[in-house]
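Given chain A's structure and the hints, the job is docking chain B onto it.
Chains as they are written, first to last, in the UniProt record's numbering: chain A, 1 to 349; chain B, 1 to 208.
Keep in mind that the hints were calculated from the coordinates and are not lab data. For every residue, glycine included, the Cβ atom is placed at its ideal position computed from N, Cα and C. Any given hint might turn out to be false.
[What the hints assert, rightly or not] Pairwise CB distance ranges (calculated):
#1 189/B x 128/A: 42 to 48 Å
#2 308/A x 189/B: 43 to 49 Å
#3 234/A x 199/B: 24 to 30 Å
#4 121/B x 343/A: 32 to 38 Å
Chain residues, written in single-letter form:
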Amino acid sequence: MSASGPLVLGIETSCDETGVGIVRGTTLLANVIASSMDEHARYGGVVPEIAARAHLEALTPALTAALAEAKVSLHDLDAIAVTSGPGLSGALMVGVAAAKALALSLGKPLYAVNHLVGHVGADVLSGEDVEYPTIALLVSGGHTSLLLVRDLVSDVELLGETIDDAAGEAFDKVARLLGLPYPGGPQIDRVAATGDPAAIRFPRGLSQPKDMDRHRYDFSFSGLKTAVARWVERARDAGEEVPIADVAASFREAVTDVLLTKAVAACRDRGVPRLLLGGGVVANARVREVAAERCAAAGIELRIPPLSLCTDNGAMIAALGAQLIESGHAPSDLSFGADSTLPVTVIQA
Amino acid sequence: MLLAIDTSAGSSVAIVDRDRGTIVELGEADTRRHAEVIGTLIALALAESGVSIPELSGVAVGMGPGPFTGLRVGIAAAQAFAFGAGKPVVRVVSHDAVAWGHYAAGNTGPLLVVTDARRREVYWSTYSGADEFGLPERSRGPAIESPAGLETLGLDGHARIDAAEVSAASAGLLAEGLFQHRRAFAGPEALYLRAPDVTVSAGPKRVS
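Looking at chain A on its own, in the form it has when it is part of the complex:
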């Protein structure tokens, strides 16, 4: 099974990573990622126009590198897959336009796929049998989404998502507040290592009983960010030294707690004993630790793809494309566009 299946090249340009991946069925052959992260650092967050410009410059070199890494030629490919949404509109369009032209130049079928479902699809490259249904918690600088995946290529339901900031965005903003550089996730993780996660009780967004009816699986990090800012301002106004390690650890604990509380609740409520993590925030040490503890306690199988397949990448897009082909889905019509708000129920555009 691992050595067969369609040979698919996947293109991903939904945010600040230009990803080109190649898979054969469920076997990963190449995963090339060019990031424009350094260009965004001085602005404290991803600047859409800078990301889109970088994609245009990075795409052809990434294609060349991926083909070399996979040791295949363009003519060997069975299909092209591309992220058509959700994501930053201008950034998505670079990948969409390139994928259409590449597919036409090669006479190959083209599959336009959903970025978030692609994150779920990354798990098929694990080399193990993947079982469905699964709950998927996707957490990055652009998304915080909780999905119920009954079937990767035909049945994905959005249980909840953030109603304001994405979790990764909250990490960036709190890091900035504490005078730490961008991207904030690894910085918070680093300074939190010596802090006390119970030092300050920061709020857990949308976790009060009154919120649990309408927002049982939704997230909110805007209030948390403001609470941290207030706490730090109060300390500075009082002339106290801000205990950065404790603030970082307590903030990280609040984010982690709410993410895993809701994810585990979804597993229990829906009777699904599997949880898949995806997105860049999965790199966070505390998120992984708490996920492992709580899943073990609840009898839930926890799956976390390697980090290079958790952050945005083209291999997961190729993998989802290959799954669509193997289940008999027809290629996408050439007229699809970039859809910045493509719903997860639209697995293939």
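Showing chain B alone in chain A's frame:
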């Protein structure tokens, strides 16, 4: 023979040949649908012309000036098509394609080409005329200016074209001419002529 693409204004795709001229040209004037239409336009151009990809000698593309998002669609498509077909990309300044069309129609003399840059600004270039091969000789630009600012540049003696569309066929035939007469193509950088919209924040704002 070239596949030619320009999305600096609307979306235009053509197949051109040095000897046969424009074989087919297709366009979509809507300036908000570049990503949607680009694939279909390329597929139709190939189908309607009956030209097979191995017959092409390259892909010509207009590098702008043009508004960011749409401009990139054509450049990304041209680069990827050329990559897949194993052909070179030849780049031209989109305003030069407009000027090429003007002189190819028999006009002479100084020319001002103006296109919409949105946000109450325009992109502009001037040309002193065409050389002996009909290739436009750009004297100033491409640059960006307010419409009022453009009036102060002393360009009264120029014929003026406000181009709502840039013809890919003109871009392709210009590229054929530049190649034939060993003139320089445009550089690899997209001609945005504007920095990305972003300002460095002074730091976090107080919340209390």
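Hints, verified against the model:
1. 189/B x 128/A: 42 to 48 Å: holds (46 Å)
2. 308/A x 189/B: 43 to 49 Å: violated (30 Å)
3. 234/A x 199/B: 24 to 30 Å: The hint (24 to 30 Å, Cβ to Cβ) holds, given that residue 234/A and residue 199/B are roughly 29 Å apart.
4. 121/B x 343/A: 32 to 38 Å: Since the Cβ atoms of residue 121/B and residue 343/A sit about 36 Å apart, the hinted range of 32 to 38 Å holds.
When each numbered hint is compared with the structure, a violation occurs for hint 2 only.
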